[in-house]
Amino acid sequence: MTEHSYLILILPILSALAIFFFGRWLPWKGALVGLCSIGATLLYSLALFFNVLSQPGFYQEISYPWFQFGLYQMEIGILIDGLTALMLVVVTLVSFLVHLYSLGYMRGDPRFKRYYAYLSFFTFSMLFLVVSNNFLQIFIGWELVGVASYLLIGFWFEKESASNAGRKAFITTKVGDMGFFVGIMTLFATLGTLNFRMVEGRITEGLLSPQICGIIALLLFCGAIGKSAQAPLHIWLPDAMEGPTPVSALIHAATMVAAGVYMVARIYFIFQYGAFSLEVVAWIGAITAFIAATMALVATDIKRVLAFSTVSQLGYMILAMGVGGRTAGMFHLTTHAFFKALLFLCAGSVIHAAHTNDIQKMGGLSRKMTWTFGSFTAAWLAISGIWPLAGFYSKDAILEQSLISGHNFLFAVALFVAFLTAFYMTRLYLLVFITEPRDTKTFDHAHESPGTMVVPLLILAVLSIVGGFLLEHPVHQLLHMEGSISGGRPQTHEIPHWIVPVISSLAAVLGILLSYAMYYKRLVSAEKISQGFPKIYRTLCMKYGFDEFYIACFVKPADRCAAFLARFDTNVLDRLGVDGVAWIADLLSKIHDWFDTVIVDRAVDIWGDLSLKSGGFLRKFQTGLVQNYIFLLVFGLGLLVFWRLL
Amino acid sequence: MSFLSWITFLPLIGAILILFVPKEKTSQHRFIAVAFSLLSFLISIAIFSAFDSSNSGMQFVEKVAWIPSFGIHYFVGIDGLSYPLLVLTTLLSLLSIIASFNIENRVKEYFFWFLLLETGMLGVFVSLDLFLFYLFWEIMLVPMYFLIGIWGGPQKEYAAIKFFLYTLFGSIFLLIAILALYFRADPHTFDLIQLLQQNYQFVGRFQTIVFLLLFIGFAIKVPIFPFHTWLPLAHVEAPTAVSVILAGVLLKLGTYGLMRVSFPLLPQASLWFAVPMLLLAFVNIIYGAFCAMAQTDMKKMVAYSSINHMGYCLLGMAAFTLTGFHGAVLQMLNHGIITGSLFLLVGVLYDRAHTRDINVFGGLGSRLPLYAGIMTIACMASLGLPGLAGFISEFLCFLGAFSAPNPEKIFWGLPTFKLFTALSAIGILVTTAFFLRMIQKVFLGPFNTKWQDLKDMNFRELVAVVPLTVLTILVGIWPNWLFSLMDSTLNTLVNLVQGPR
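Protein chains in written order, with my numbering: chain A, 1 to 646; chain B, 1 to 501.
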């Protein structure tokens, strides 16, 4: 069964290449190829999933040597265990449904072919990341999904905002990746290997001190902060909504952004060994969950609300990891993938119908789009955490874990976030579907989407409903039965079983009711509240000013620094330094020239003149007349005699 | 004559042949240039089958006494360090000759100088006699001077003379160092292999001084901060094909010289200079990246990014580990491939638009999809995207420097190498920022209708660029064939410098 696991990688990349280069001649411009190959990968992943599920503790690593330098060897590996099997199914399933959905959504787009090539390429990169057995490979996958995300966010690159968003996403995540990169280098420098198994072995041998290990864990976690849009690097995800909506569902909700969570789960042993890192992880998760949920309260763009919600839910997963709930975090990742992908696809369907993103212009769409409405209802209840839908189970697991591990404050934060989630999701639900239409033109134009778009919605709706209780047990089995360290820290705090479900349900119901009262019954006016707290409202609308802060503190100074250095380079180093030396040399040569012509040459000339002049003078004595000579002779003799006599 | 001599002198034969063809027959000049550089390239590929990569010593050696009274030999040979660079040179020369088919002005002279230049470069890589090495080193300057000075841009004379004088200035240091080595060695010799066996005679202050002299000579070529200012100017003014050669091959001569001459002959001094070299590498990386970010001229941007990339190379070399050396040599090759293609691509746009200012374009991605795609791949490779060539070498340079055994500490006991290597990662970030900005300003956004008539790349341009793009991807996916080629040579070199462990 697992011996052909390389197919997981081969099929998507082949389809990406085939569509990119030959899509023009392929049926449906290559979309069919993508659909088939991802479908096959999905089937294979499902088979793998059940295979692994039936063999508790399954672990298999296939490794191909990649390149060798000296003693070291880098490898490309395929690691199959419970974690991989779960993630494979999530990725391929969502990817397949998005491929299907995009047939309708992207129909008529001039770059339809390229869109499918990118989708397949993304799927390949994501799977490459998921099956990796070493840090280098996960890093490569990590960067490749980043590129796919960049290309797809900026897919409609003629729009200025889209190309800006793509660039922002790439650079922001790259900031986190630098930490990841340094972490990998530290690991290699200290342990001499990048293979997960071997790193784990060497850490358990005690080759690293817990402090160093914790620092490495945090460096690696920087990558997750970037990719999973955690505070303070969450700023790119809301902007990433410029991409086509199915892309948002696939990359920016279900799979790529969850890669950070997956990575933490994959290398959990490092975090556990340097335990203080988990504390940081938990806090970052909680902070992210909170700020994103509050930002979602005031957003008016349907996709942005969902984006903030994604950030918030990712914070939830990270929080779960931090409080020792690896299983809970992965479980939430799975259910979240279902209902959040569903939410995005529904939003896509709505946007497709209404041709606007602004929820203030929508309303009453339940009458026009029955299927979309029905699916959205399931997703809404699931994310709000209503029993027995998927979100309820996974959210409860996280809340319970944070209470058990003794993080009472974080539990309170998480509970409040659950309340907020129910509140803003209900707001969205009501404003889009239930309340009276506010823009008649939009309303009249709206229609149900074609079948290729509705079928994925229904599948995901079913999963959002039953995913929780169907998967709760399998997920535990997949993640707990591994041979490696699992579970987490000693669970010191005993609490009654019923308490968390009851409290969380209460929070969810409260959120829904409050929202119902505000946005449907209009018992309390939302406008009044926002006017009552203008400062808070403005802060939320400004998204806490993160963007402005980064532009003022990093982007602008970097640009100024660049401009300064460039000027320094041309003016000081080149003009003053190099040309200055040349100028001095030139000056020296001129001085030499002057010296040469004025002093040296003149000296020569003076000698010449002197000899000439003296010659001229002496020549006057050479008269050739014997009388003169005799006269001089006698005169000289007279002088001598005179001198002698004196 | 051995294979190496054929490879080296075939371009020279071509150059002489061109002199006999009448001036008007430009197509014949082009044909001769392509034919001889192609032949040279093919032979350099063909000897791969006879090249023994497990042998760390010199191969295809040819040694003929030339001026016996001074112990000067015509002595050539290649090993795992010079062979890849040799192939890079023949390949880039061939491609840039193809790329310069659009030169219409004084074609005969152009190709004559170009072929002469190729012989000079190849000669440096194959010569094992320092006298010969220096000879080729100097021969190269003359064609370069004319190529920039005649076929260059508006400031061509200034750029040419600056390039010439600056590099000549470096050569003087090189010459003094070579003579110092010659006279210190007993018996006197220019023979690199013999000098290597006698390197125990170079001790103490002599070693340090000679290393410094050599370092200045080579640093100007690399170029290492603060000796780099000739580079942006020369690149901006030089014609496209010459820029390719300049960035692709000439810069490597500096780093090659360090690895071929300085490190093995003066191991203790090299180790002593590891930390200064690390700091210079750090400055090169950060400084080059920031300077590039401020540029609006695409060619100047790529030129400054070369400074940044050669910084990575120096970083790997400063590590004095096998990992770092592998990274450094691969970085030389990759930089040649990637920056070569970037210069070619910038030239393609310049030929059409007659400007390289990134601010005047916009939205070209929809008009020139092929060009945009290839350019994006080259930029992505240059900013170190995994799956493309640049990543592997940058990764190994960083990895090598980070795990260097150097015990030096700085600032409250932080290991110097680790600190500065980690800080150098900022350079990657800045590189990403400016390449993405360039892509966005040129290809993305609303289409600037001013460029309505721009045509996508033609066949000749594709022939020149696509091989480099393919290589970029190939090396990125499967670098092992290059590593296996260099492994034993670099291993010997590391052991030589670090001493047997």
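Errors might be hidden in some of the hints.
[Said to hold, decoys possible] Interface residues of chain A toward chain B, partial, derived using beta-carbon atoms under 8 Å:
id, residue
1, Leu-32
2, Cys-36
3, Phe-69
4, Leu-144
5, Val-147
6, Glu-158
7, Ser-163
8, Phe-170
9, Ile-351
10, Lys-441
11, Phe-443
[As the list claims (entries may be wrong)] Per label pair, the in silico range of CB-to-CB distance:
id, chain 1, residue 1, chain 2, residue 2, range
12, A, Val-466, B, Gly-413, 54 to 62 Å
13, B, Leu-462, A, Ala-275, 53 to 61 Å
14, B, Arg-205, A, Cys-553, 42 to 50 Å
15, B, Pro-276, A, Phe-22, 18 to 26 Å
16, B, Leu-370, A, Pro-65, 33 to 41 Å
17, B, Phe-206, A, Asp-579, 46 to 54 Å
18, A, Ser-589, B, Pro-276, 31 to 39 Å
19, A, Asp-579, B, Ala-353, 28 to 36 Å
20, A, Val-455, B, Leu-462, 21 to 29 Å
21, B, Ala-353, A, Pro-110, 20 to 28 Å
22, A, Tyr-520, B, Thr-296, 40 to 48 Å
23, B, Leu-370, A, Tyr-6, 48 to 56 Å
24, A, Phe-564, B, Gly-413, 47 to 55 Å
25, A, Gln-68, B, Ile-150, 44 to 52 Å
[Said to hold, decoys possible] With a Cα cut of at most 25 Å, we get these calculated SDA-like pairs of lysine to any residue:
id, chain 1, residue 1, chain 2, residue 2
26, A, Lys-590, A, Val-600
27, A, Lys-590, B, Glu-157
28, A, Lys-556, B, Glu-24
29, B, Lys-455, A, Gln-68
30, A, Lys-361, A, Leu-540
31, B, Lys-441, A, Phe-416
32, B, Lys-450, A, Leu-430
33, A, Lys-159, B, Asn-448
34, B, Lys-418, A, Asp-109
35, B, Lys-156, A, Thr-186
36, B, Lys-441, A, Asp-109
37, A, Lys-159, B, Glu-157
38, A, Lys-613, A, Leu-587
39, B, Lys-108, B, Phe-48
40, B, Lys-441, A, Thr-186
No lab work stands behind these hints: they were computed from the structure. Predicted model only: the values in this text are computed from it and were never measured. Note that CB positions come from ideal geometry on N, CA and C, so glycine has one too.
Against the structure, the hints come out as follows:
1. Leu-32: 23 Å, violated
2. Cys-36: 24 Å, violated
3. Phe-69: With a minimum Cβ separation of about 4 Å from chain B (threshold 8 Å), the hint on Phe-69 (chain A) holds.
4. Leu-144: 6 Å, holds
5. Val-147: Status holds, d = 6 Å.
6. Glu-158: Hint on Glu-158 (chain A): holds, closest Cβ of chain B at ~6 Å, below 8 Å.
7. Ser-163: Status holds, d = 4 Å.
8. Phe-170: Since chain B brings a Cβ to about 6 Å from Phe-170 (chain A), closer than 8 Å, the hint holds.
9. Ile-351: Nearest chain B Cβ about 22 Å off; hint violated.
10. Lys-441: Violated, because the Cβ-Cβ distance from Lys-441 (chain A) to chain B comes to roughly 27 Å (cut-off 8 Å).
11. Phe-443: 31 Å, violated
12. A:Val-466 with B:Gly-413: 54 to 62 Å: 58 Å, holds
13. B:Leu-462 with A:Ala-275: 53 to 61 Å: 57 Å, holds
14. B:Arg-205 with A:Cys-553: 42 to 50 Å: 48 Å Cβ-Cβ, so the 42 to 50 Å window holds.
15. B:Pro-276 with A:Phe-22: 18 to 26 Å: 54 Å, violated
16. B:Leu-370 with A:Pro-65: 33 to 41 Å: Holds - the Cβ-Cβ distance for Leu-370 (chain B) and Pro-65 (chain A), about 35 Å, lies within 33 to 41 Å.
17. B:Phe-206 with A:Asp-579: 46 to 54 Å: 34 Å, violated
18. A:Ser-589 with B:Pro-276: 31 to 39 Å: 33 Å, holds
19. A:Asp-579 with B:Ala-353: 28 to 36 Å: 31 Å, holds
20. A:Val-455 with B:Leu-462: 21 to 29 Å: Once the Cβ atoms are compared, 43 Å apart, the range 21 to 29 Å for Leu-462 (chain B) and Val-455 (chain A) is violated.
21. B:Ala-353 with A:Pro-110: 20 to 28 Å: 24 Å, holds
22. A:Tyr-520 with B:Thr-296: 40 to 48 Å: Violated: the Cβ-Cβ distance is about 55 Å, outside 40 to 48 Å.
23. B:Leu-370 with A:Tyr-6: 48 to 56 Å: 32 Å, violated
24. A:Phe-564 with B:Gly-413: 47 to 55 Å: Violated: the Cβ-Cβ distance is about 32 Å, outside 47 to 55 Å.
25. A:Gln-68 with B:Ile-150: 44 to 52 Å: Holds, since Gln-68 (chain A) and Ile-150 (chain B) (Cβ atoms, about 47 Å apart) stay within the stated range.
26. A:Lys-590 with A:Val-600: Cα-Cα ~14 Å, so holds.
27. A:Lys-590 with B:Glu-157: It holds: about 21 Å lies between the C-alpha atoms, which stays within 25 Å.
28. A:Lys-556 with B:Glu-24: Violated - the C-alpha atoms of Glu-24 (chain B) and Lys-556 (chain A) are around 55 Å apart, more than 25 Å.
29. B:Lys-455 with A:Gln-68: Given pair Lys-455 (chain B), Gln-68 (chain A) is violated - Cα atoms ~43 Å apart, limit 25 Å.
30. A:Lys-361 with A:Leu-540: Between Lys-361 (chain A) and Leu-540 (chain A) the Cα gap is close to 21 Å, so the pair holds against 25 Å.
31. B:Lys-441 with A:Phe-416: Given that 25 Å is the threshold and the Cα spacing comes to 44 Å, the pair is violated.
32. B:Lys-450 with A:Leu-430: Not satisfied, since the Cα-Cα distance of roughly 48 Å exceeds 25 Å.
33. A:Lys-159 with B:Asn-448: 13 Å, holds
34. B:Lys-418 with A:Asp-109: Violated, at roughly 49 Å.
35. B:Lys-156 with A:Thr-186: 47 Å, violated
36. B:Lys-441 with A:Asp-109: 23 Å, holds
37. A:Lys-159 with B:Glu-157: Violated: Lys-159 (chain A) and Glu-157 (chain B) sit about 43 Å apart, past 25 Å.
38. A:Lys-613 with A:Leu-587: 36 Å, violated
39. B:Lys-108 with B:Phe-48: 33 Å, violated
40. B:Lys-441 with A:Thr-186: Violated, at about 37 Å.
Violated hints, listed in ascending order, are 1, 2, 9, 10, 11, 15, 17, 20, 22, 23, 24, 28, 29, 31, 32, 34, 35, 37, 38, 39 and 40; each of the other numbered hints is respected by the structure.
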